[in-house]
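> Chains as they are written, first to last, in the UniProt record's numbering: chain A, 1 to 79; chain B, 1 to 318.
These are computed hints drawn from the structure, not numbers from a lab. A hint or two may mislead.
As the list claims (entries may be wrong) - If you want a taste of the chain A side facing chain B, the calculated C-beta under 7 angstroms gives, among others:
{"#": "1", "residue": "Ser-41"}
{"#": "2", "residue": "Leu-42"}
{"#": "3", "residue": "Val-49"}
{"#": "4", "residue": "Asp-61"}
All residues carry an ideal CB built from backbone N, CA and C; glycine is no exception.
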Amino acid sequence: MAHTEQEILEGLGVIIEEIVGTEPSEVTPEKSFVDDLDIDSLSMVEIAVAAQDKFGVEIPDEQLKDLKTVQDVITFIQK
Amino acid sequence: MFPTPSVPGGAAIRSFGEYQPSRVVTNADLEERVDTSDEWIQSRVGIKERRVAGPEDSVASMAVAAGGKALAAGGLSPEDIDLVIVATCTPQDQIPNTAATVAARLGIVAPGAFDLNAACAGFCYALGVASDMVRAGSSRNVLVIGSEKLTDWVDWDDRSTCVIFADGAGAAVVSASEENAIGPVVWGSSGERADKIYLRDHKYLWQEGQAVFRWTTTELYKTALEALERAGVAPGELTAFVPHQANLRIIESIAKKLGAPQALVARDIVTAGNTSSASIPLALSRMIGRGELPSGSTVLTLGFGAGLVYAAQVIRIP
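Produce the entire structure from the sequences given, and follow the hints as far as they go.
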């Protein structure tokens, strides 16, 4: 089942708050995980695992390095 | 056919011992060597300082030191031991094995002696083997040692690995006992992922950090829970969880999934670093020494590492 961009963004906001404690309103599409949200490589794995549970889309480790912004993840999940 | 051995039926850990090299390497020391920081290391792996072997420390000498302490703590003499197992993935030489040398240096005459390589799961594997040997009547007292000199295999210019690995040894004596105090080992492997942790150029420890993190934090709690179930122990009855000291974030992530909020979680990595097969007995011995694990405590162990291999069991503290 397809998710809208807004649904994925809100879902990521909840996931990121749970994992690193960032305020969901801070999680906007243009934000970079590393530079803007201060999320490290291990937390990215936790986000990928949680996103898989929530949206049913597997994000493999090989893919993670290419997903630099919130929008990248939204696009990947929508594909 | 052949006679069936007459045995008490149970196996129990009688005592522990440990050895750490005296040289302390802090995060500040590593900042001088590679582009890293205390904050980065603590937030990624949870280590503040680690012990690094000096020229006087070898895998065998550290094993002898830890094993000797375990014997003394158990009130045993060398002649009581009939089997020595050294779990190590960093033996000084492939030939001869480490265990026979260690036994001889401890004054144990002609015991069975072999090395076991299950990487960072080595202690749990060796403990499982020792427990089964005792319960089958093949041995009465087994000296099980995890000893590693990982820093021989570290690229000190690689900031992703040199901050993690360390040296040390931990030992336990497993003895025949009326009451069984070592639960069934639950073990397994995943050789199709052998490329996730290996020796780069046959020389340097290397791991795919994200893959290892995903594996350990999403799969291994199931092995831990199965070990509890096989031992007939509910998560709420656990005194402590002592997993391989690989990375504090892995440790805490697995601990959260066990449903045992009351259990003390070993954090020995903070001052000991990742010592592979030595990390679990080292942590147990140090926790007992600090009075954190009273006699009779129920503890869940979980080892995991290169292979990939993993193993867990429940033990009762002597």
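> Run every hint past the structure and note whether it holds.
Right, here's what the structure says about each hint:
The restraint placing Ser-41(A) at the interface with chain B holds, with a minimum CB-CB distance near 6 angstroms, inside the 7 angstroms limit. Using the Cβ-Cβ criterion of 7 angstroms, the hint placing Leu-42(A) at the interface with chain B is satisfied: the shortest such distance is roughly 5 angstroms. Interface hint status for Val-49(A): upheld, as the beta-carbon distance to the closest one in chain B is roughly 6 angstroms, under 7 angstroms. Interface hint status for Asp-61(A): upheld, as the beta-carbon distance to the closest one in chain B is roughly 5 angstroms, under 7 angstroms.
Hint check: no violations occur; every hint is consistent with the structure.
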